[in-house]
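K.L.:
Sequence:
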Amino acid sequence: MGRNRTGIMSNELKWELAKELGVDQIVAREGFGGVTSRDCGNLVKMAIMRAEQSLGNDVAKPRE
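Just so we're aligned, residue 0 is where the sequence shown starts under numbering that gives the first Met the number 0, counting upward by one.
Treat each hint with caution, since some may be false.
Simulated pairs of lysine to any residue, SDA-like, Cα-Cα distance not exceeding 25 angstroms [what the hints assert, rightly or not]:
| no. | residue 1 | residue 2 |
| --- | --- | --- |
| 1 | LYS13 | SER36 |
| 2 | LYS13 | ALA50 |
| 3 | LYS13 | MET45 |
| 4 | LYS13 | CYS39 |
| 5 | LYS44 | GLN24 |
| 6 | LYS13 | ASN41 |
| 7 | LYS44 | THR5 |
| 8 | LYS44 | ASP23 |
| 9 | LYS18 | ILE47 |
| 10 | LYS18 | ILE7 |
In case anyone wonders, no lab produced these hints; they're calculated from the structure.
Could you put together the complete structure from these sequences and hints?
P.N.:
Structure below.
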């Protein structure tokens, strides 16, 4: 029985990060499978940094 995996990041976010990293042309031609392991790792790092910033912003806001 296979696992049912759902994506955590939206495709929109993946594309945005790929553009920032400069690998969007590779993704357009070959898909995310054509991106090197190093660049994929950098994409994940960028996504984590954004998530941490987002959490930091949420924590700083006072609750009503």
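K.L.:
Output the indices of the hints that this structure fails to meet, ascending.
P.N.:
Failing hints: none at all.
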